[in-house]
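Number of protein chains: 2
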Amino acid sequence: MKKGNPYGTHRVINPKGVLPQPALKIDNTMEIYDNEILIDVQTLNVDSASFTQISDQAHGDVEEIKKIMKGIVAERGKHQNPVTGSGGMLIGTVKEIGPALEGKTDLKVGDKIATLVSLSLTPLVIEEIKDVRKEIDQVDIKGQAILFESGIYAKIPTDIPENLALSVLDVAGAPAQTAKLVKPGDTVLVLGGAGKSGILCLYEAKKRAGVAGKVICFAHKESSLQKVRDLGLADYYISGDASNAVEVYEKIMDVTNGELCDIVITCVSRENCEMGSILACKDNGTVYFFSMATSFTKAALGAEGVGKDVNMIIGNGYTKNHAEVSLQIIRECEPLRKLYSKLYAGM
Amino acid sequence: MKKGNPYGTHRVINPKGVLPQPALKIDNTMEIYDNEILIDVQTLNVDSASFTQISDQAHGDVEEIKKIMKGIVAERGKHQNPVTGSGGMLIGTVKEIGPALEGKTDLKVGDKIATLVSLSLTPLVIEEIKDVRKEIDQVDIKGQAILFESGIYAKIPTDIPENLALSVLDVAGAPAQTAKLVKPGDTVLVLGGAGKSGILCLYEAKKRAGVAGKVICFAHKESSLQKVRDLGLADYYISGDASNAVEVYEKIMDVTNGELCDIVITCVSRENCEMGSILACKDNGTVYFFSMATSFTKAALGAEGVGKDVNMIIGNGYTKNHAEVSLQIIRECEPLRKLYSKLYAGM
Numbered sequence: 001m002k003k004g005n006p007y008g009t010h011r012v013i014n015p016k017g018v019l020p021q022p023a024l025k026i027d028n029t030m031e032i033y034d035n036e037i038l039i040d041v042q043t044l045n046v047d048s049a050s051f052t053q054i055s056d057q058a059h060g061d062v063e064e065i066k067k068i069m070k071g072i073v074a075e076r077g078k079h080q081n082p083v084t085g086s087g088g089m090l091i092g093t094v095k096e097i098g099p100a101l102e103g104k105t106d107l108k109v110g111d112k113i114a115t116l117v118s119l120s121l122t123p124l125v126i127e128e129i130k131d132v133r134k135e136i137d138q139v140d141i142k143g144q145a146i147l148f149e150s151g152i153y154a155k156i157p158t159d160i161p162e163n164l165a166l167s168v169l170d171v172a173g174a175p176a177q178t179a180k181l182v183k184p185g186d187t188v189l190v191l192g193g194a195g196k197s198g199i200l201c202l203y204e205a206k207k208r209a210g211v212a213g214k215v216i217c218f219a220h221k222e223s224s225l226q227k228v229r230d231l232g233l234a235d236y237y238i239s240g241d242a243s244n245a246v247e248v249y250e251k252i253m254d255v256t257n258g259e260l261c262d263i264v265i266t267c268v269s270r271e272n273c274e275m276g277s278i279l280a281c282k283d284n285g286t287v288y289f290f291s292m293a294t295s296f297t298k299a300a301l302g303a304e305g306v307g308k309d310v311n312m313i314i315g316n317g318y319t320k321n322h323a324e325v326s327l328q329i330i331r332e333c334e335p336l337r338k339l340y341s342k343l344y345a346g347m
Numbered sequence: 001m002k003k004g005n006p007y008g009t010h011r012v013i014n015p016k017g018v019l020p021q022p023a024l025k026i027d028n029t030m031e032i033y034d035n036e037i038l039i040d041v042q043t044l045n046v047d048s049a050s051f052t053q054i055s056d057q058a059h060g061d062v063e064e065i066k067k068i069m070k071g072i073v074a075e076r077g078k079h080q081n082p083v084t085g086s087g088g089m090l091i092g093t094v095k096e097i098g099p100a101l102e103g104k105t106d107l108k109v110g111d112k113i114a115t116l117v118s119l120s121l122t123p124l125v126i127e128e129i130k131d132v133r134k135e136i137d138q139v140d141i142k143g144q145a146i147l148f149e150s151g152i153y154a155k156i157p158t159d160i161p162e163n164l165a166l167s168v169l170d171v172a173g174a175p176a177q178t179a180k181l182v183k184p185g186d187t188v189l190v191l192g193g194a195g196k197s198g199i200l201c202l203y204e205a206k207k208r209a210g211v212a213g214k215v216i217c218f219a220h221k222e223s224s225l226q227k228v229r230d231l232g233l234a235d236y237y238i239s240g241d242a243s244n245a246v247e248v249y250e251k252i253m254d255v256t257n258g259e260l261c262d263i264v265i266t267c268v269s270r271e272n273c274e275m276g277s278i279l280a281c282k283d284n285g286t287v288y289f290f291s292m293a294t295s296f297t298k299a300a301l302g303a304e305g306v307g308k309d310v311n312m313i314i315g316n317g318y319t320k321n322h323a324e325v326s327l328q329i330i331r332e333c334e335p336l337r338k339l340y341s342k343l344y345a346g347m
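Keeping their order, the protein sequence lines are chains A and B.
Each step along the first sequence adds one to the number in the numbering used here, with nothing skipped, and position 293 is 293.
Each step along the second sequence adds one to the number in the numbering used here, with nothing skipped, and position 255 is 255.
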């Protein structure tokens, strides 16, 4: 059996020397190296931006969607959308574990897992596409995939439906980072607090900030805000345009009596929310950007431009135990579980 | 006298409601609001990317460069390059201070200062361009500018030549953030350690990490590396391609005996250095991205893709006392002052 690199560089075909994610083509032969895990795939949870693009290109036609998805994997050896660059995640069952992983992994053959690394770097073969669930970007297939030694995963819990678990795990980094950042007594703003990642961040922020803290939910639509208000997830609820920096600043000045926030968490999937986030934060506070629509230069030059000494963090989709932290929210809070199931798991 | 907003929103003409930096046109009337400072401008230090673009467009012709620069200010009311979006900074003398700033600022009329906020948001009038120093991106003018209440500045020191002070202040955020991040005993990697900001970061890292720490300088060219080696600014010197993640990883694994780095500071002004930075960092370590060529999504998805639990910081050009911290380096280290004067101040 051949020896593999922990990051999967041994599978890269073109261009040589890069990692599997930026690679244009990787080797998807389903014969494992000594440190790989072979997975029988059940469901692909395609990244939202990627699925929307594929669906648009197919004019919504399911057979055409299948054809495009198979074409991507045939060309690249992985399901990385060539337009958006993004992937998604998968659910499947462990079929084989490389001998070099013995004693290093808690997995055994037959375990059902979700991979938490992107499909944009995961060797994949699609034999057949069985079902396309357009409304929640999920696709059932017959096929196989490879998990590298550095690849992260979560065992699928038995007490949470699979669709719901997948949706929560998709954004697991955000609430787990929130848990690490927020301290008792903090004033915390969640921009986009009524969205898929925002709701989980609100819950975690409230739990960590405690009774002495203040959690502020900022959302675009009053109707979305109402859903969160009904659950009592925050202390203050504000509707407004997160890309209007002056509006955000004035509303947050008002609700915090001019003190601004210790922590600002930005979960809005639209452009130009950097300045509002920065202005809403106290000097020496922290702005945590979880949205992929964040511009590095707008944030860096923007903070300098207004002379704000704030700590700005690039949202890492991974942090230790992020799967457990996020699934725990669903276990703890029944009303949130119900809302989340309805909005994001098609249940 | 009219009352102004601390961030200068009262000067924005188009589009309404945004901050001065993203605005397309701001009011550059040189009559101050109650919280503004009027400056007699002596020199513009144009952002390097912006100056290169203007010079290319002018085919290097000085009269044509002057015409383009005047045109930008006439159209926008500020010197914000419409192609690169960037500005620069200026040196000048305080001419008038708004009455609302009394007791709030340590400046007095006649003080010579450098503004540390970008020219991309600073109201400016150019009456005449007197001299263009193409080799160091500096332009002497007759003209005036406005500093907003939130605008940061540094008094020009009397013991350091102005050109040298300007070059150091241009990158002041990087060494000042380094000073805040590095702890005694840390292993620190500076990618692009032989460049304008990298050299200052190296010095500050060595000072903070102390004898128990290790500072590693990584640079592209052996010839640049030699200049830093001659000064003894680091403990280890490595030449290589920072955009080749696998190469960076292997070389840093080697020099750290497989332990990797507590802090990675990325000062390389080229694309695709995110993954090398991330792979070179220990779990729970910190990657500080100072380069404007950093991609937010490449960093965020890249760290998740390899399951690295690292803290990734967006380099804020401003932090408290950053001007003092960076100028102090020049005062403390005579060999570094000589090298810097030669390379970046045309002396």
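To be clear, the hints were calculated from the coordinates, so they are not data collected in a lab.
Just so you know, even glycine gets a beta-carbon here, dropped at the ideal spot from N, CA and C.
Any given hint could turn out to be false.
[Unchecked claim] Covered stretches of chain A, as calculated for chain B (at least 3 residues, CB under 8 Å):
1) 17-26
2) 99-106
3) 131-140
4) 187-198
5) 318-330
[Unchecked claim] Straight-line alpha carbon distances no greater than 30 Å define the calculated DSSO-like cross-link-like pairs of lysine-lysine that follow:
6) 282(A) / 183(B)
7) 16(A) / 221(B)
8) 180(A) / 67(B)
9) 108(A) / 130(B)
10) 180(A) / 180(B)
11) 196(B) / 130(B)
12) 183(A) / 16(B)
13) 251(A) / 3(B)
14) 196(B) / 251(A)
15) 320(B) / 214(A)
16) 180(B) / 183(A)
17) 183(B) / 2(A)
18) 3(B) / 67(B)
19) 180(B) / 282(A)
20) 104(B) / 67(B)
21) 251(A) / 251(B)
22) 180(B) / 320(A)
23) 214(A) / 142(B)
24) 282(A) / 3(B)
25) 25(A) / 155(A)
26) 67(A) / 2(A)
27) 320(B) / 282(A)
[To be verified] With the Cβ distance kept under 7 Å, some of the chain B side facing chain A (calculated, not the full set):
28) 43
29) 113
30) 117
31) 152
32) 240
33) 243
34) 245
35) 246
36) 303
37) 305
38) 307
39) 309
40) 318
May I ask which of the numbered hints given earlier this structure violates, with the numbers listed in increasing order? Hints 2, 3, 4, 8, 9, 12, 14, 17, 18, 20, 21, 23, 26, 28, 29, 32 and 33 are the ones this structure does not satisfy, whereas the remaining hints hold.
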